[in-house]
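Undergrad: Build out the structure end to end from the sequences listed, making use of the hints.
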Amino acid sequence: MQVWGITDRGAVRQQNQDAYSFRILEDGRVLALVCDGMGGARAGNVASTMAVELFMGRFAKADRNDTVEEQLGQAASAANKAVFQRSIDDQDCTGMGTTMVAVLAGESEAVILNEGDSRAYHINSEGIVLVTRDHSLVEDLVERGELTREQARTHPHKNLITRALGVEPVLMADCFRQPLAPGDYLLLCSDGLSNVVNEQEMLYEVIHGGEASECCQRLLDIALSRGAPDNVTVVLVKR
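Start counting the sequence shown at 29; every next residue gets the next number (my numbering).
One or more hints might be untrue.
The calculated lysine-lysine pairs, modelled on DSSO-like cross-linking and capped at a C-alpha distance of 30 angstroms, are [stated by the list, open to error]: (1) K109 / K89; (2) K186 / K109; (3) K266 / K89.
Hints were generated in silico from the structure; no laboratory data involved.
TA: Put into structure tokens, the structure is as follows:
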């Protein structure tokens, strides 16, 4: 298993409110996550950074007798509780929160947790599949048939999310299981990438664009060349 990541504030924002981390565990599995903070000039950065650090710390203490979903859920819930409490205790952080997409990837399967609209894609030579479901207003409209996928990409309210970590005392994140085969990839990203780089472009860069170790930089460069109006974060896991 191999993993790479990159984050950038983009071409417009003054601060990077995204955060990410990854770790190759002793058993060879990869743990990785991306968070995209929200809530004021400083608080979004606080929320995403707290969430990443607390998630990774709590997962390290997880009971390995629990299911992977339970281990990821407990780590995310610990982060949620701390971010929520900070938003109550610190006036500068009122209303803050963050998206989260996290993966624990093994030899034959990955388990993915998400809250908000940061995404996880499964990519191989046969194509690209969005594994997660956005918790967003436009995703709800697409599912009801009121918007097409193309309309959703340019909708004026595309950044309005319906769920986030740290805004409620109890977290209700989704979990997905994704089979993995040798040569498969998982791409985690904030919406700063997915809003300006389409899935076919992601697929091309991962499979045909060059060295896998340089793929995150190539995707960031595409986003920057298109004005990168938001922070951009990409993590790539290779089986």
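Undergrad: If a hint holds in the structure, say so; if it doesn't, say that too.
TA: Against the structure, the hints come out as follows:
1. K109 / K89: Distance of about 17 angstroms is within 30 angstroms: holds.
2. K186 / K109: holds (27 angstroms)
3. K266 / K89: holds (25 angstroms)
Going down the numbered hints, you'll see the structure goes against none, and every one checks out.
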